[in-house]
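Student: One letter stands for each residue in the lines below.
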Amino acid sequence: MSATVRIPTVLRSTMGGVTSVVVDGATIGAVLHQLTTNFPAARGQLLNDDGTLHRFLNVYVNDDDVRYLGGVDAPVESDDEITLLPAVAGGAA
Amino acid sequence: MARYASVLDLIGDTPVVDVSALSPRPNVTILAKLEGRNPAGSVKDRIALALVDAAERDGLLIAGKPDQVLLEPSSGNTGIALAMVCRLRGYHLKVVLPSNVSPERRQLLDVWGAEVIDSPGAEGSNGAVRLAQRLSEENPDWVFLYQYANPANPLAHYETTGPEILRDVPEITHFVAGLGTSGTLMGAGRYLKEQRPQVKVWAVEPPSGEMVDGLRNLDDGYIPPIFLDNHGAELLDRRVVVRPRESVEWTRRLTDVGLFVGISSGAIMAGAVKCATTIPEDETATIVAMASDDGWKYLSTGAWSDDLDVVVERAKQIIYF
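Chains as they are written, first to last, in the working numbering: chain U, 1 to 93; chain Z, 1001 to 1321.
Worth flagging that the hints you see were computed from the coordinates, not collected in a lab.
The beta carbon of each residue, even a glycine, is placed where N, CA and C say it ideally should be.
Which bits of chain U does chain Z cover? Going by a derived footprint, with three or more residues having C-beta under 8 Å, they are:
(1) 47 to 58
(2) 61 to 70
(3) 73 to 87
The task is simple: from the sequences and hints, build the whole structure.
Tutor: Okay, structure coming up:
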């Protein structure tokens, strides 16, 4: 499975400045693992030491938060778009 | 009853209206709860009154005492609602406002006599929160209500929004609302789940993290304390991002059913429609979607009349949610 991962501004400095990257992986965990292999400097920004998602990182598959779809076990299909977004203060306030 | 002693008595008890003409499934009813009917124009009237009442009860504010200053970070609606309440109660309000909110939001703060302190637009609401926290530390005599952490925020929705929904829509199966401070979702969502455990709670948010330039790294991120205090991750059943284009498209489509609402309401409606598509065809469902405010504050964006591509680019430059 190859999915496109959209990289937010805050992570670009550790990921070669790219805005998106195509990554292989059948689950979100596999995709993130591949990202940390390609961009070792980003590891601490994506995953905790125990392999769970960084507290301030939200990951969406086709704009659906993966924490409600199985977390790192959430399946990834070909042509899915994965978006990484930092947790920030919401706008509706 | 149509006679009230104070405009503050007009807060809450908002109507719900059937907008199922926009439902993608004939077996799914969608109802919009019209928070723009609140006197200062948004769902935030509920928490503004609750925050000030709680501060008075706790002795942080003393009714009638002169020269009391309140401070609050807001991308608009909370500031506007607080400004109205403070005008009535005689408090001076300082609102830390990102510089890139729609001009009407700023004008409404002027209407109610609030003082605006600008925070960098590129840092979004995050920047406003950070600046307000710093100002609060530097000025300990200012009362910092801090809607993102104040339990009176979700409590207002637990005590009013949630019970109103259940009273008016006892058959509710899904509740869809915007995720900002998370107050609406934590308060009304928790109430609805307590009363009807089968109710699913969906959160809709804009892709704001994509646009915030003020973060040096991910560790500068922010989760509202009331989201953590209320175990928000467990309370929600689904959390979806709705992008500016879809938000504007659904804001326009809502005029087909007679609703002139703000762009965040379009985003929430888009979320409700997505929710409806997950319902199997042999089941029925009733979705209640919040319509957080009316469209007046967004006329300058051209959301209803200008070329969609142009409006979407404009929407990316302002905080509309």
